[in-house]
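J.: What follows is the residue order along each chain.
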Amino acid sequence: MSYAATHDQHDDHHGAPKSFFQRWCMSTNHKDIGTLYLVFALTMFFIGGSFAMGIRAELFKPGLQLMQPYFFNELTTMHALVMIFGAIMPAFVGLGNWMIPLMVGAPDMALPRMNNLSFWILPFAFILMLSTLFLPGGGPAGGWTMYPPLSLQSNSLAYVVFAIHLMGISSIMGAINIIATILNMRAPGMDLMKMPVFVWSWLITAFLLIAVMPALAGAVTMLLTDKYFGTNFFNPGGGGDPVLYQHIFWFFGHPEVYIMILPAFGIISEIVPTFARKPIFGYKAMVFAIACIAFLSFIVWAHHMFAVGLPLGAEIFFMYATMLISVPTGVKVFNWVATMWGGSMTFETPMLFSIAFIILFTIGGFSGLMMALVPADFQYHDTYFIVAHFHYVLVTGALFAIIAAAYYWMPKWTGNMYSEFWGKVHFWNSVVWVNVLFFPQHFLGLAGMPRRIPDYNVAFANFNMVSSIGGFLFGASQLIFVGVLIHCVFFSKKKATDRVWEGAKGLEWTVPSPAPYHTFELPPVVRDEELAHGHVND
Amino acid sequence: MTSGSIRHHGIGRAFTTLTIGALALFGGVAQANPHPWQLNLTRGASTWSPVPYHLNNISLAVCTVIGLLVFGAMFIAMFRFRKSRGAVAEKWSHNTMVEVVWTTIPVLILVTLAWLATTGLTSWADTTGSQMTVKVTGYQWKWRYDYVDYLGKPVAKVGFMSKLDQQSDDTRQLDSGMDPYAVRVGDENTYLLNVDKPLVVPVDTKIRFVITSGDVIHSWWVPATGWKIDAIPGIVNSAWANFTTPGTYRGQCAELCGQDHGFMPIVVVVKSKADFATWLAAQEAASSAPAAAPQTAQVAAPAPVSAGGQG
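Sequences listed follow chains Z and V, in order. Sequential numbering of the first sequence, starting at 1, is according to UniProt numbering. Sequential numbering of the second sequence, starting at 1, is according to UniProt numbering.
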């Protein structure tokens with residue numbers, strides 16, 4: 001048997017399995033699993049996006065036109081859960097799966113069978129969660145943060161908790177796999193301090209995942225036992241404390257925010273040097289800044305809770321700690337600009353999305369700094385100012401980085417060049433409409449519009465209509481992206497070279513395009529001048 | 001919608017308005033209630049409310065300057081160092097001096113902001129010396145106000161529920177066919193921002209609010225006070241406000257609390273001390289009237305009190 005198993009694997013060397021089921025459902029190949037993750041993330045992006053369209057349609061003008069308030073709350077809750085756990089996180093895991101082995105010269109992920117399992121759990125988790133929308137009790141409607149006691153009033157709590165458990169297991173297995181791959185599978189000569197920044201960012205992100213997903217699992221399990229098994233963790237009537245949940249949740253939740261942005265920093269740190277044709281400025285500072293941000297993410301959670309009535313000392317501590325994060329984040333932004341300075345720049349679609357990322361993510365960072373100031377946060381908290389802030393960091397931040405990465409590596413994945421014209425059409429539509437969508441939400445929040453409300457006073461009508469128009473057009477613009485993807489995979493006549501981009505450095509560009517089913521079966525000989533950072537003497 | 005507000009109809013003119021409004025951004029808006037095209041925080045109407053307003057403006061100004069410098073440098077780089085202009089990439093990738101400078105300067109800016117914020121926060125946290133106590137309790141989906149003491153004397157049995165006014169409630173029903181723009185008190189649109197019975201408080205009085213909840217978590221927020229604080233079952237939070245100007249100040253629940261979270265507004269009517277004393281005496285008399293059972297104040301007020309009447 002053992003011989004047969006070994007023999008099976010050797011068969012793979014000749015190429016991908018022919019049968020669809022074998023290739024996709026039983027895959028242990030990091031490229032195929034990466035593709036699965038990316039396709040799954042794209043699907044979820046459109047499901048979550050359709051929820052957002054429903055939200056923006058109801059908010060188009062004052063008065064309720066389309067849905068009951070409870071359904072509106074289901075939409076906001078599901079939109080967040082699907083986008084965070086279904087779109088952004090799996091997209092980064094997909095990119096990590098595809099690129100980390102190629103970037104460190106490994107033949108595959110360290111734990112390929114677990115890799116398969118960690119992906120295939122996800123569709124079931126999301127079927128479980130989305131099915132609640134069609135069940136008599138309705139979907140979760142207490143917000144993605146699931147604060148008790150409100151979340152305990154939901155009839156779908158058990159579904160959502162089990163779905164989150166599955167997502168958590170998937171994330172932890174994925175994180176273990178990534179750490180094992182990066183620490184054990186690097187080609188000889190690929191020292192830690194020569195790794196691409198993207199690989200570094202994923203290594204640190206994976207540690208964050210392992211550290212905090214159990215905290216989330218614990219918090220939601222306590223919700224479950226409070227509702228169904230008579231415990232009183234969060235029930236003040238039984239000696240519990242609703243605020244305890246928020247502490248545990250945000251101990252997960254804040255690092256989670258960085259789980260969704262650190263790999264984006266890594267992606268931008270790959271793309272900017274490529275199109276500036278100049279090595280990244282301050283490689284060590286970039287890696288150190290990511291590590292710093294990751295560390296600080298563990299000691300800032302209560303800035304989500306400035307309005308719960310924390311003691312003065314706690315508010316001051318969490319305010320200072322939060323403000324500190326802007327220092328390493330600022331360093332990253334300055335370093336990207338310094339990388340461009342003195343370069344020889346071209347502006348293909350990945351670079352355009354990266355530049356938009358730098359500017360718009362920084363705007364999200366600015367509002368983040370403003371929110372760190374507790375007295376000001378007393379006004380901002382739970383308003384559209386917050387909604388604007390986290391959509392700037394998650395849509396124009398994380399999502400733009402994912403899209404940039406897709407354009408950047410698509411030729412390597414498919415062997416074909418995408419249509420640069422339509423890529424740019426996609427970019428300009430996205431960048432204009434996303435700002436029409438989210439920028440006015442700052443004003444709405446400052447004027448006093450709370451978040452998570454289905455209807456509002458007429459004073460908020462103008463900017464809501466502007467925002468909704470931006471939302472519909474931003475949503476429609478993403479269909480262009482699907483068109484570009486389909487064209488690139490199936491119809492593009494323009495073949496990609498191995499190097500793809502003139503300024504591209506790193507091991508992933510040394511393999512043919514499209515990347516063969518198996519790469520680096522023998523470890524590559526790492527030559528420092530081929531690496532993005534190896535020859536850099538800093 | 002009076003002073004400082006710029007009213008245009010039609011999206012086409014939005015950008016003109018935005019430009020004009022942006023210039024007025026730092027001018028401050030004296031108005032405490034939201035108005036169309038409002039761009040910035042309210043200055044509020046209490047002694048403490050200018051703190052978040054000024055912090056907001058200062059930090060926004062700091063961010064704007066940093067943003068202009070960083071993005072300016074980036075755009076210069078994008079124009080000067082284009083391959084199409086024949087730029088040849090340089091090789092350097094490190095400059096310790098520059099890195100130390102752009103790490104240190106933000107730290108100094110942060111220290112300044114932190115100092116300002118800490119001072120403001122400390123004054124907010126000090127609820128001592130209050131002359132009046134009001135207990136606020138959140139329920140799905142209304143508020144209850146109980147007057148505890150005023151000028152050192154306990155207040156007897158003055159307490160009532162406060163919920164969305166009938167006109168807003170009728171209008172907000174799905175497919176009601178009613179026009180939100182028609183919900184008005186005087187020249188002010190009060191759709192979803194009006195209640196049947198507002199909280200009435202005196203001006204120039206340090207009022208301590210003790211805030212809790214009877215079911216799920218709510219958040220009591222009147223922007224004119226400058227703060228919001230959560231109403232949490234099993235926990236009593238406290239905060240204070242000292243209103244400087246008589247008037248009607250509107251707010252809303254700010255923590256998702258179920259299906260009607262968007263429909264539990266808050267209205268505070270600030271009266272002169274004399275008017276408030278009269279009002280309080282009337283309330284006390286009503287609640288101690290022999291026929292009235294305790295805590296029927298809300299039932300005993302059938303006439304819809306339009307909170308728009310300026311106190």
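Treat the hints as calculated values from the structure; they're not laboratory data. Hints may contain errors.
[To be verified] The calculated lysine-lysine pairs, modelled on DSS-like cross-linking and capped at a C-alpha distance of 27 Å, are:
id	chain 1	residue 1	chain 2	residue 2
1	V	83	Z	494
2	V	135	Z	424
3	V	163	Z	194
[As the list claims (entries may be wrong)] Just so you have them, the derived chain Z footprint on chain V, three or more residues with Cβ under 8 Å:
id	stretch
4	115-122
5	190-197
We put the CB at the ideal spot given by N, CA and C, even for glycine.
J.: Run every hint past the structure and note whether it holds.
T.: Hints, one by one, checked against the model:
no. : hint             : verdict
1   : V:83 with Z:494  : 23 Å, holds
2   : V:135 with Z:424 : 58 Å, violated
3   : V:163 with Z:194 : 63 Å, violated
4   : 115-122          : holds (count 6)
5   : 190-197          : holds (count 4)
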